[in-house]
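Start from the sequences, fold in the hints, and give me the full structure.
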Amino acid sequence: MFINMTDEPFIDAEEAVRRLGVRRATLYAYVSRGMVRAEDDGADPRRRRYSADDIDRLRNGRSRGRSPRRAAAATLDWGLPVLDSGITLIEHGRLFYRGVDAVAYARTATLEDAARLLWGCGEADPFAAAAPGTDDGAIVPAGTGSVARAMALLSLAAVEAGGAWQRDPARRWEDAASLVRRTAAAAAEVAPAAIPVHALLARAWGVPAEAASLLRMALVLSADHELNASTFATRVVASTGAGLAASVVAGMAALSGPRHGGMTMRVQALLAETDAAADPEAALAARLRRGDPLPGFGHPLYPRGDPRAAALLATAGADGGVAGVRRAVEGLTGEAPNIDFALVALARTLALPATAPFVLFLVGRTVGWIAHALEQQATGRLIRPRARYVGPSATPEPAG
Numbered sequence: 561m562f563i564n565m566t567d568e569p570f571i572d573a574e575e576a577v578r579r580l581g582v583r584r585a586t587l588y589a590y591v592s593r594g595m596v597r598a599e600d601d602g603a604d605p606r607r608r609r610y611s612a613d614d615i616d617r618l619r620n621g622r623s624r625g626r627s628p629r630r631a632a633a634a635t636l637d638w639g640l641p642v643l644d645s646g647i648t649l650i651e652h653g654r655l656f657y658r659g660v661d662a663v664a665y666a667r668t669a670t671l672e673d674a675a676r677l678l679w680g681c682g683e684a685d686p687f688a689a690a691a692p693g694t695d696d697g698a699i700v701p702a703g704t705g706s707v708a709r710a711m712a713l714l715s716l717a718a719v720e721a722g723g724a725w726q727r728d729p730a731r732r733w734e735d736a737a738s739l740v741r742r743t744a745a746a747a748a749e750v751a752p753a754a755i756p757v758h759a760l761l762a763r764a765w766g767v768p769a770e771a772a773s774l775l776r777m778a779l780v781l782s783a784d785h786e787l788n789a790s791t792f793a794t795r796v797v798a799s800t801g802a803g804l805a806a807s808v809v810a811g812m813a814a815l816s817g818p819r820h821g822g823m824t825m826r827v828q829a830l831l832a833e834t835d836a837a838a839d840p841e842a843a844l845a846a847r848l849r850r851g852d853p854l855p856g857f858g859h860p861l862y863p864r865g866d867p868r869a870a871a872l873l874a875t876a877g878a879d880g881g882v883a884g885v886r887r888a889v890e891g892l893t894g895e896a897p898n899i900d901f902a903l904v905a906l907a908r909t910l911a912l913p914a915t916a917p918f919v920l921f922l923v924g925r926t927v928g929w930i931a932h933a934l935e936q937q938a939t940g941r942l943i944r945p946r947a948r949y950v951g952p953s954a955t956p957e958p959a960g
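In the working numbering, the protein residues as written are 561 to 960.
Wrong hints could be hidden among the right ones.
Ranges of calculated distance between the beta carbons of each label pair, as one might list FRET restraints [unchecked claim]: (1) Arg763 to Val950: 48 to 56 angstroms; (2) Ala771 to Ser715: 40 to 48 angstroms; (3) Gly581 to Ser715: 48 to 56 angstroms; (4) Arg941 to Glu574: 30 to 38 angstroms; (5) Thr800 to Arg584: 47 to 55 angstroms; (6) Arg597 to Ala911: 44 to 52 angstroms; (7) Tyr949 to Asp728: 38 to 46 angstroms; (8) Arg578 to Pro860: 36 to 44 angstroms; (9) Arg597 to Pro956: 49 to 57 angstroms; (10) Asp661 to Ala769: 20 to 28 angstroms; (11) Ile755 to Asp728: 21 to 29 angstroms; (12) Gly766 to Leu848: 33 to 41 angstroms; (13) Glu574 to Gly881: 27 to 35 angstroms.
For the record, the hints were derived by calculation from the structure and aren't laboratory data.
Cβ atoms here follow ideal geometry from the backbone N, Cα and C, with glycine treated the same way.
Dropping the structure here:
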């Protein structure tokens with residue numbers, strides 16, 4: 561599939577050599593080796609422009625290359641790729657599911673469609689063959705949080721399933737489809753049903769049919785995001801030979817942290833603070849002066865804005881308070897909203913429960929976790945990195 565990157569930023573030669581700290585001849589050598597892409601300058605045919613992303617990537621790689629230890633340490637912190645994967649690509653500010661533009665795909669696809677794509681099912685439809693799942697509601701006390709509820713139920717499934725992932729692909733996909741349905745039902749505190757997940761959530765939250773497509777879009781845009789913390793945790797567990805349910809539980813545990821899936825709750829707290837302020841923009845400016853973060857804005861992988869958030873906000877809109885916060889933050893920091901902010905904005909637009917943004921993220925991402933678990937299991941490799949010891953020096957044993 562051809563991927564159009566025409567919206568990618570390009571810079572002139574002067575800026576390129578400044579960022580790299582090299583001579584022009586070295587820049588031209590990088591271009592000739594295919595390390596930096598160049599294009600003619602439409603305003604002046606005698607000049608060329610150079611890919612800013614390639615320049616910055618090359619600059620970062622060169623600085624890390626001077627210190628192998630620093631490069632290794634940086635790898636686990638938004639650093640260089642550490643695993644081969646054919647599932648999701650994030651490049652030049654865009655997101656692709658197996659080569660398909662995720663934003664365009666989300667306009668019409670269901671979460672079940674995304675699952676079939678990410679799991680590599682081809683023409684097979686595991687959701688048509690999978691049982692709806694059992695109603696496990698009585699197992700977990702009422703009022704238990706969404707993630708705890710889903711983790712408890714899937715932990716039981718993990719124990720029961722054992723090594724079920726070793727079955728043929730069709731059976732594994734059916735197991736995976738059942739896991740998605742059980743997760744959605746558990747998180748929304750309803751009984752599983754053999755209907756599209758977005759329809760199940762819409763019914764649970766009283767969303768009218770004409771607005772259910774917004775839930776569908778949010779689920780698809782949340783389905784996968786490459787090797788984030790919860791997905792890496794999922795792959796580590798899957799690499800041990802554990803079953804799909806156990807691998808998904810690991811992802812849920814990581815997602816529960818405030819720096820990951822819990823970020824939607826921090827966005828809600830920020831909006832509650834600005835709702836109560838006489839001057840929301842002044843309240844945001846005060847937070848910045850104190851050094852407090854503004855959750856829901858900016859993303860290291862999308863310097864020019866999270867395309868998932870842009871698509872969801874353009875479709876769902878936002879109430880006056882949310883729109884005002886967005887304008888104020890963008891004016892104060894230049895940062896665009898990310899998916900966490902967009903999910904909260906969607907929940908406010910549809911008057912959903914406070915837990916809904918997290919549930920949408922959790923249920924959608926379950927599909928991606930399963931895709932990565934299946935991919936990792938297929939490699940037959942155990943993920944076992946080494947640690948660089950920085951503790952006290954070893955004390956030699958006394959002689960004699």
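Exercise. Any hints from earlier that this structure breaks? Give me their numbers in increasing order, please.
Key: 2, 4, 8 and 13
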